[in-house]
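**Q** Sequence:
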Amino acid sequence: MQWLYARGLLLPLMLAWVTSVAFADDPKTTAVPAPAPTAVVAAQPAPPTPATPAPPATPPLTAAMANKDHTTADHSRFEALQKDFKSGPEVTEACLTCHTEAAKHVMKTKHWTWEYIDKSGKKLGKKNVINNFCTSAISNEKDCMACHAGYGWQDKHFDFKNEKNVDCLVCHDSTATYRKLPGDAGHPVYERKEFPKDSGKFVEAADLKMIAQLVAKPNRANCGSCHFYGAGGDGTKHGDLDSSLKKPGKYLDVHMDAQGLNFSCTTCHQTDEHKVSGSRYEVTAVMTGNAHTRGAKDDKNPASCQSCHGDKPHQQNPLLMGQLNAHTDKLACQTCHIPEYARGGVGTEKSWDWSTATKMGPEGKPIATKDSAGRRAFDSKKGTFVWDSYLIPEYKWFNGDMNYSARGDKIDPSKTVNINQPEGTAGAADSRIWPFKVHRGKQAYDKEFSYLLNVHTAGEDETALWHNFDWQKAITAGMASAEMPYSGKFDFVSTEMSWPIAHMVAPKGDALACAQCHQAESRLKGIGGVYMPGVDGNKYLDMFGWAAAILALLGVIIHGALRTICVSRKKRGLACQRW
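Numbering (the working numbering), first residue to last: 1 to 579.
If you are wondering where the hints come from, they were derived from the structure by calculation, not from laboratory data.
Predicted model only: the values in this text are computed from it and were never measured.
Any given hint could be a false lead.
[What the hints assert, rightly or not] Computed list of lysine to aspartate or glutamate pairs in DMTMM-like fashion (alpha-carbon distance at most 20 Å, straight line):
1. K396 with D409
2. K247 with E340
3. K126 with E394
4. K161 with E93
5. K396 with E521
6. K442 with E460
7. K312 with D329
8. K123 with E101
9. K300 with D329
10. K447 with D353
11. K197 with E462
12. K359 with E460
13. K359 with E273
14. K410 with D491
15. K119 with D401
16. K359 with D470
17. K104 with E340
18. K447 with E496
19. K119 with D430
20. K161 with E191
21. K370 with D234
22. K365 with D234
23. K275 with D311
24. K127 with D329
25. K381 with D299
26. K330 with D536
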């Protein structure tokens, strides 16, 4: 059947069968006109809907008060929350008077430890890997911990066992007034503060009492306060996560559509004892079987398309569903249903070149420039950036496992270093073709030890790169903090990181059309391990297939014409020779 489909013979043979049935030798049979053929046009992703004036913003406090209608507890009536809190740990201490086990749960999660042990026993997570964005959190904790679910992590002496250090509000604030800024080691803003420095813009102090009394389940803005702004900027890191998903339209994400299904992050990333399902370290690349039954025990990852849709999701069109469902044996759902990423108008970073950092302007002072869309293009502190929007993913076979480089792993500087490499075997049952954002960088490595370097970038001290613009001082301090040797000799090497694309799911009408893959310039060209009609083939076999298809079609037409003539002769009482 697949060979017939690939060679174009399936449709003519089906027509022949239909014609034979329709014109059976029954004197009562009358020819029924065939319905007019429907033109099949390759669907293209719909353009973004024109911008319409946004309705007046709902004041944060008003929106937060509305959440009271969806909870069984009014926290504003709890005695423990009536005090004027001076710090985040004080709020947590009050929370734990009722939620006695919550901090213990949080302390077992990656959001707290920033550590993950893979199947081989290798230690990964933000504490142990170097990326090609900001490179590493080690020695830069005071800045990076603005996205830690805790308070006070500013060096290696942080107390991971102190329950009061857990930050409840960063995930449960419903007022949109709770902010944690770089430089404060994970604490919220306690006093009105100018940010960024010398910008003339100010962040108001958090009203911890009000925020604590209006806590709610996490929403997209809670998760997005970190995940939308990873690597220090809106949309910088992931490509499929940015601030446009706070209130997206259906075009941008069919599940998170604010006027439609309006999924929160935890609708898919369901939690158990504060452990959030699904992460870049725990990707379910392949899942077979039916959708999860609500309420039934199921150990499969709920943060997957198949958990709701099953592995044979195409059921609406009986003529196409068999062939479409056959695609799920090779393709991830995201491959067809996320035709482009960075579609929300924010864009995403394609590359970050650290080798140009510390270069000054004509007057010998630090400079910063932006591209035509207002996104960062160069900064003396950080180097050169390239941004773009509406990007076609790169495709790779993926089985859910990533081979990560951790601090200290040897590299070959003569080649591009894959900081993480998706694992998967072409055509294997445990692998599918997945879409990825590939971020390309250039960063420092040790010329003698041949490993990527830990650089102390953030801060106002004399060894911070962003303060003194001295690579040697910054590397020496960063490697000392990481407790690793540094030869004193460094250079820059090209690196790549691959990020699976799983958000910004387009409506089904905007999914990939057949021609976007099944043509000479296919977006899957060169993927390997799968036969692609329209891309792969033998010239002579194709000629034979087309000839057979044309002859079959002619046979259908001639056969149908003769049947029509025969039926007409019988109606007039004339003999009809059987053909």
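**Q** Each of the hints needs a verdict: does it hold here or not?
**A** So, going through the hints one by one against the coordinates:
Of the pairs offered as hints, the one joining K396 and D409 is violated, with about 24 Å between alpha carbons and a cut-off of 20 Å exceeded. The hinted pair formed by K247 and E340 meets the criterion: a straight-line CA distance of about 19 Å does not exceed 20 Å. Simply put, K126 and E394 have alpha-carbon atoms about 25 Å apart, too far for the 20 Å limit, and the pair is violated. A distance of roughly 14 Å separates the Cα atoms of K161 and E93; the hinted pair therefore holds under the 20 Å criterion.
Taking the CA atoms of K396 and E521, the gap is about 17 Å. The hint holds against a cut of 20 Å. In summary, the hint linking K442 to E460 is not supported, as the alpha carbons are separated by about 24 Å, beyond the 20 Å threshold. The straight-line distance between the Cα atoms of K312 and D329 is roughly 9 Å, inside the 20 Å bound, and the hint therefore holds. Our distance criterion of 20 Å between C-alpha atoms is broken by K123 and E101, whose separation comes to about 27 Å.
Distance restraint check for K300 and D329: the Cα-Cα separation of roughly 18 Å lies within the 20 Å cut-off, and the hinted pair is therefore satisfied. A threshold of 20 Å between alpha carbons decides the hint, and for K447 with D353 the separation of about 18 Å falls inside it, so the pair holds. The hinted pair formed by K197 and E462 meets the criterion: a straight-line CA distance of about 18 Å does not exceed 20 Å. A distance of roughly 19 Å separates the Cα atoms of K359 and E460; the hinted pair therefore holds under the 20 Å criterion.
Simply put, K359 and E273 have alpha-carbon atoms about 48 Å apart, too far for the 20 Å limit, and the pair is violated. At roughly 15 Å between alpha-carbon atoms, K410 and D491 fall within 20 Å of each other, so this suggested pair holds. Between K119 and D401, the direct Cα distance comes to roughly 9 Å. Compliance with the 20 Å bound is thereby established for this hinted pair. With a C-alpha separation of about 11 Å, the suggested pair K359 and D470 falls inside the 20 Å cut-off, and the hint holds.
Between K104 and E340 the CA atoms are separated by roughly 40 Å; this puts the pair beyond 20 Å, and the hint is violated. For the given pair, K447 sits about 19 Å from E496 by alpha-carbon distance, which is consistent with the 20 Å threshold. Our distance criterion of 20 Å between C-alpha atoms is met by K119 and D430, whose separation comes to about 16 Å. Taking the CA atoms of K161 and E191, the gap is near 27 Å; set against the 20 Å cutoff, the hint is violated.
Between K370 and D234 the CA atoms are separated by roughly 14 Å; this keeps the pair inside 20 Å, and the hint holds. Annotation: proposed proximity of K365 to D234 is violated, straight-line Cα distance about 26 Å (limit 20 Å). Taking the CA atoms of K275 and D311, the gap is near 26 Å; set against the 20 Å cutoff, the hint is violated. About 36 Å separates the Cα atoms of K127 and D329, which puts this hinted pair outside 20 Å; it is violated.
For the proposed pair K381 and D299, the alpha carbon gap of about 46 Å is over 20 Å, so the pair is violated. Using a Cα cut-off of 20 Å, the hinted pair K330 and D536 holds, with the two alpha carbons roughly 16 Å apart.
The structure is inconsistent with the numbered hints 1, 3, 6, 8, 13, 17, 20, 22, 23, 24, 25, although it conforms to all the rest.
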